[in-house]
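Protein chains: 4
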Amino acid sequence: MQQLEDKLIQWRRDFHQYPETGFMEMRTASIVASILDKLGFQLKMGKEVMSEADCMGKPTEEETKKHYQWAQKNGAIDDYLNPFSEGYTGIVATLDTGKKGPIIAYRFDMDALDILESDSNEHFPHNEGFSSKVHGKMHACGHDSHTSMGLGLATLLIENKEELKGKIKLIFQPAEEGTRGAKAMAAANIVEDVDYFIATHIGVGVPHKQFVAANSGFLATSKLDITYDGTAAHAGGSPEQGKNALLAAAASVLSLHGISRHSGGTTRINVGQLEAGAGRNIIANHASMKVETRGETSEINDYVKEQVTSIVSGAATMYQVKYKIETVGEALSCKCSLDLAGILHKCAEASPDIEISQLEDNTPGGSEDATYFMNEVQKNGGKATYCVFGTELAAGHHNEKFDIKEDTLIPAVNILFQSAKVIMEQ
Amino acid sequence: MQQLEDKLIQWRRDFHQYPETGFMEMRTASIVASILDKLGFQLKMGKEVMSEADCMGKPTEEETKKHYQWAQKNGAIDDYLNPFSEGYTGIVATLDTGKKGPIIAYRFDMDALDILESDSNEHFPHNEGFSSKVHGKMHACGHDSHTSMGLGLATLLIENKEELKGKIKLIFQPAEEGTRGAKAMAAANIVEDVDYFIATHIGVGVPHKQFVAANSGFLATSKLDITYDGTAAHAGGSPEQGKNALLAAAASVLSLHGISRHSGGTTRINVGQLEAGAGRNIIANHASMKVETRGETSEINDYVKEQVTSIVSGAATMYQVKYKIETVGEALSCKCSLDLAGILHKCAEASPDIEISQLEDNTPGGSEDATYFMNEVQKNGGKATYCVFGTELAAGHHNEKFDIKEDTLIPAVNILFQSAKVIMEQ
Amino acid sequence: MQQLEDKLIQWRRDFHQYPETGFMEMRTASIVASILDKLGFQLKMGKEVMSEADCMGKPTEEETKKHYQWAQKNGAIDDYLNPFSEGYTGIVATLDTGKKGPIIAYRFDMDALDILESDSNEHFPHNEGFSSKVHGKMHACGHDSHTSMGLGLATLLIENKEELKGKIKLIFQPAEEGTRGAKAMAAANIVEDVDYFIATHIGVGVPHKQFVAANSGFLATSKLDITYDGTAAHAGGSPEQGKNALLAAAASVLSLHGISRHSGGTTRINVGQLEAGAGRNIIANHASMKVETRGETSEINDYVKEQVTSIVSGAATMYQVKYKIETVGEALSCKCSLDLAGILHKCAEASPDIEISQLEDNTPGGSEDATYFMNEVQKNGGKATYCVFGTELAAGHHNEKFDIKEDTLIPAVNILFQSAKVIMEQ
Amino acid sequence: MQQLEDKLIQWRRDFHQYPETGFMEMRTASIVASILDKLGFQLKMGKEVMSEADCMGKPTEEETKKHYQWAQKNGAIDDYLNPFSEGYTGIVATLDTGKKGPIIAYRFDMDALDILESDSNEHFPHNEGFSSKVHGKMHACGHDSHTSMGLGLATLLIENKEELKGKIKLIFQPAEEGTRGAKAMAAANIVEDVDYFIATHIGVGVPHKQFVAANSGFLATSKLDITYDGTAAHAGGSPEQGKNALLAAAASVLSLHGISRHSGGTTRINVGQLEAGAGRNIIANHASMKVETRGETSEINDYVKEQVTSIVSGAATMYQVKYKIETVGEALSCKCSLDLAGILHKCAEASPDIEISQLEDNTPGGSEDATYFMNEVQKNGGKATYCVFGTELAAGHHNEKFDIKEDTLIPAVNILFQSAKVIMEQ
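Residue numbers (my numbering), protein chains in the order written: chain A, 15 to 440; chain B, 15 to 440; chain C, 15 to 440; chain D, 15 to 440.
Worth flagging that the hints you see were computed from the coordinates, not collected in a lab.
Predicted, not measured: the structure shown is a model, and the values here were computed from it.
Note that the Cβ used here is the ideal one computed from N, Cα and C, for glycine as well.
Treat each hint with caution, since some may be false.
Stated by the list, open to error - Looking from chain B toward chain A, a few residues come up when the C-beta cut is under 7 Å (computed):
1. Ser145
2. Ala265
3. Ser274
4. Gly328
5. Met332
6. Asn389
7. Gln392
8. Asn394
With the hints as extra help, turn the sequences into a complete structure.
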């Protein structure tokens, strides 16, 4: 066990030093694939497990190529890099025990954030020499540890293969940040046959040595990039010839924030960024906005999104400009299957490392695209849950000083492994 | 002459006591028709001289019927009332001299305003006992004197018929206020054959005993009634079920006032009235707005009107409501024919009652639908002008204490008559 | 009992025929006072039990006087009318048993709505000949039955006076509609000494023969009348001289609806009515809006109200106009005291007329100003609850065909009476 | 003369290759100062002729220092660079003839634009090898030729010094683009004693070999940088904690564009650029806007600017954010002195190189901060005009292919010189 714990930490610290953002996890994925292959998992990778049409907010081809070159020079495993070269960086690793039994899937996300990591002396990764080597990118949400946990679980499964039944799928997902990657993997039908699905996260408000077996409070969300294109004109000399994209954007912003509340539950709408115009004395011919909607259920989020569409297209008509709405991220709401969660809850209660285990938490909070998998599995009659391993955070998620307690890793891996065993026995 | 002056004053005071607003000038028209018929003019009346489809902002059938009954009881001449019973209250009276010569037309407007006349002791009509007998209606723009002048001119023409050549048309127009009536008469082709067209107004900033032969500064204008219809819903219980007409209106208002200036000349836009909603706790399902556009030229006003259409329809899309835009009044811009104006200018200079005559004034100002006639005449190769007889005003136009000097009437009639004679001689 | 039931129905039908809206319940109050006085209650009335400064949305003095004259002619009891003549129509009737014991208060509201009652043949009050005799006013929320229930409870209390301990206060409140009247009574300290407070309502979604002992889902709310005053100007001739109140209102409307959601719970904001402007061609110098805010808690509603204040004052600055915000109604949120509710719950379960009794319902819904009393009582260490007697509704509350089942009255009165007895025994 | 023409072209092409934007004209000014000093003019430079407090839109100290280093390496004349090192790059060069006579001033502006010059083969400066050596900066408004003309005029004045009377001041002004530099020189009282003031421009719509002696159509203008600062918050987790600067900006934009037209003359308002927010899921805590106002007169522009202030501060109140309005450029309106223009008109008519000279052009158009000098001179009883030397433009002003005909230079210099002689003789 000490050996596995060492490995977990070593993996996590390696990934931490080479953070890769969504659809760019080429180095990470090549290392994950290499390890899983050697352990004996069957691998499906890249476009085999990702629907191209359903990738949202994917970087440009040029950016992707550039990162591929970076990965080649920064420790990617050459033999495993190719399937990920175009930015389809998902992996599904299957262990088929050959024995009759359920299909159980675990999801781990791999992507980092566009955050400049702190170089403070109080920052543990900095002091220990494993902070980000990529300026402006950072694992500030713990996905480095998730990936490490996935490899740890894989190791335990192989080590205990003889005790197991059915099939186990380990899903390594790209681009969870911005809720962009899961939809494309779900659309590739990778969980179509799954009976039990477990996603997991570290931290997110749960204290150290505590566990939540079912986190059902995720808000459905859509991330929208909206642009207006009009006609420039000299603001002094011929203002009437302009088609003002900035005015269309400003009118949209006010109306978007005024989308009606919904009696069915919580909603959110935010125009987080707006850039418009080319110069003080020019009627602005371009505007772009970054918008986010949320809803307590997928239906409520759809309601908000429909209002966005009406407002954005209407404002385009008002100002005689063209508009485009691109969905660059999306996640659903989901209610966890409490019977599956109950198994995890019991495993956690049985763990010497967990002091408090909670079955369920429904507090509305963030968003997660693991919900695509969960809804898909439940729709087909399977069970799904989203569990959280508490840890002590040095600073909040997405903060430059974010850090976890590494002693959270091995108990988490053990509980996940135990859950597989219990499920198989049912 | 003293006798004619007495008549002018008597007519004017009679009309003043019985003010009738646009498309309601039934009593007035019946009296005018009766007098002109007796003088020997050929009359065309009502729908003969007004295109039904081009009447803008006409009152409802019910309001029209009710007023007809009022007119019957308040001095309308029964034998002449019928052609005006449905609210088509225009008259074209023609004097054909039988001699070869030009066709000259003079326009007089007849309508009053929805204003409560002052009962101050300083108000001349009140003191002399000829103030409005209709509560809330008043001749506060001098159209009572215009109608009187038209009858005076008719009298002089008949008295001097032997000296005349060609044809003279006297046009008595309804609904100049709100620029609603002229378009319908022009669309009935009543000025199609006119060689010289003269419209006139009393007051409007020109001092007593002064005259302006060509007033070209009229702004083109559109009067628009705009409504939104959505869906009501309880604002607390199910706000998302509402389609909010009040929000559509509010968004429109801000964007309408933000319509871009035009480098080609003056523009105006005003949402003068807005009424929306049915109750504090109800999502508003209805909104109505009274809007006015203006432009230094008809083209510029068209530009503004087009922006209004885009904005209003776009805001409807934004809020998923229905909209309607009704044009309830419209006027064009026009440049006076200076050669025709020159004739009036000389007649005025020759008048002992005019101290200062000015050929032309281009100051941008109000709007007038006589411009429909003027543009039509000029389009067919004729000449047109709009002249102003200065007077001393007790208070500004559309004020409850508005009043003119009655000694302005007889010189005006004489100058108009002289102009006819000079034109015929050309 | 049959006799009491007959009385309940007779009272209810009498009040139903003479509906009086908020702060106008003069006839109603005079009858209530007369009955209670004869039964032997000690009465405090009018300004004795209402803080003038805390009356919200009170009609004008002129309207009040006019209604006073109406009441005199329509069945008010002369000897009891005087205390209510200025529109302070609240009554607190106290029964002091002279024995040591708790102070228990029951609240009944008396006001009607500005709704035209249906004259459909399917409408029970119409068929039975007791529909509203006042055109455009109607008891469409059941307060006629509440008042009747209050008188019924009073009757039972007196009949069983010997069995009772402590003091019982019956509060007859005006102007619950628009949440206007309770604050003024609470501010007059009428519940300062109350140990147990029970408010009640009929219907509101609870089925016939069912009971809810604690309705805690009320949203806090504020009803705001907002006005802007600017400067009129001619929209064509001197638009720059205007200070545009309509634009200030339109800008406010968009921003008000855009007030941010609150992570602490449900919010609502609605501009339900907007009227602005005096004419198409005039820069609008006046605008008025009817606005409503709600919040899951009083704190959240306060948050929304603060944003309203910022927005409304800021928009006034933007357009250089003056503003006024008047709070014409307000209610708080409240959590019922479940131990007190438990007593009612048991009394209901013991009643042969109640098939299902529910202890608590927290579904967020409407608003109630009984919450002023409840908060006040709880603040002083007392207990408070709001219970609902289910009935079969002919149509929803505030509908022109609203009607209750009259057989709901006598069980309700009995349960309330029983609750008093049980409370006293504790 | 040929020699002077060669010099004019050589100077112009040198300046063209080293374009320096506003308050950065260090190399240019050092060369100008060097030449004028050698010619024998008395020089006042830098802060001697510029009021620090009145410099608008001046680059930061850091940018200024950086450019100073650039100038040192790119041909600035070391001995003359020091006075301009902090970015106060104005020069006033005086020739005192010692004889009694008027004080005449000529203004030349020196700054370039942030435009990337065309490298098309059709672009004359490119083909001739004198296009900009500074990527992204370009003399695209002809100020290189203005500076050259000023040096040419200086040369002629010195060559003909014996014929002259009075004093002649040559003003070399920085930062005319964005109308930023003149106010600071006028505020340093450099035209306080001037009797005749002449500013000039090349091109601006006047055809080749034509001249306009008085261009009075400049609109007054203000260039405003406006920022809002609020409070960031997570848009999903705690939106109510944000103070939304983006919403304040959007509300401002709509209201700014809705500033009322002015009956006194043309107005313009434009929000040309808006940037706001830090991320999709963050309540935006910062927004910045580039705004421009214009007015047919300085008073009308002041009216618009006042509305801007009200709107911007009001929107800050609405959204509880802080605001800052910085005036980064400003120009006045001005009516040219026609008697002074008459002199230039006659000189132009006498020139063999000018085919058509026009006394006056009042067409409303762009803006110019030479108007600060003109107003100041006229206020003190002096005369001022702004004349235009027509040329054939390869492309419009501020276009990447802008170019003038160099044969416009020598006639322009000659006419300016002749004007000085004629003025002195009066």
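Consistency of the hints with the structure:
| no. | hint | in the structure |
| --- | --- | --- |
| 1 | Ser145 | 47 Å, violated |
| 2 | Ala265 | 6 Å, holds |
| 3 | Ser274 | 4 Å, holds |
| 4 | Gly328 | 3 Å, holds |
| 5 | Met332 | 3 Å, holds |
| 6 | Asn389 | 23 Å, violated |
| 7 | Gln392 | 26 Å, violated |
| 8 | Asn394 | 31 Å, violated |
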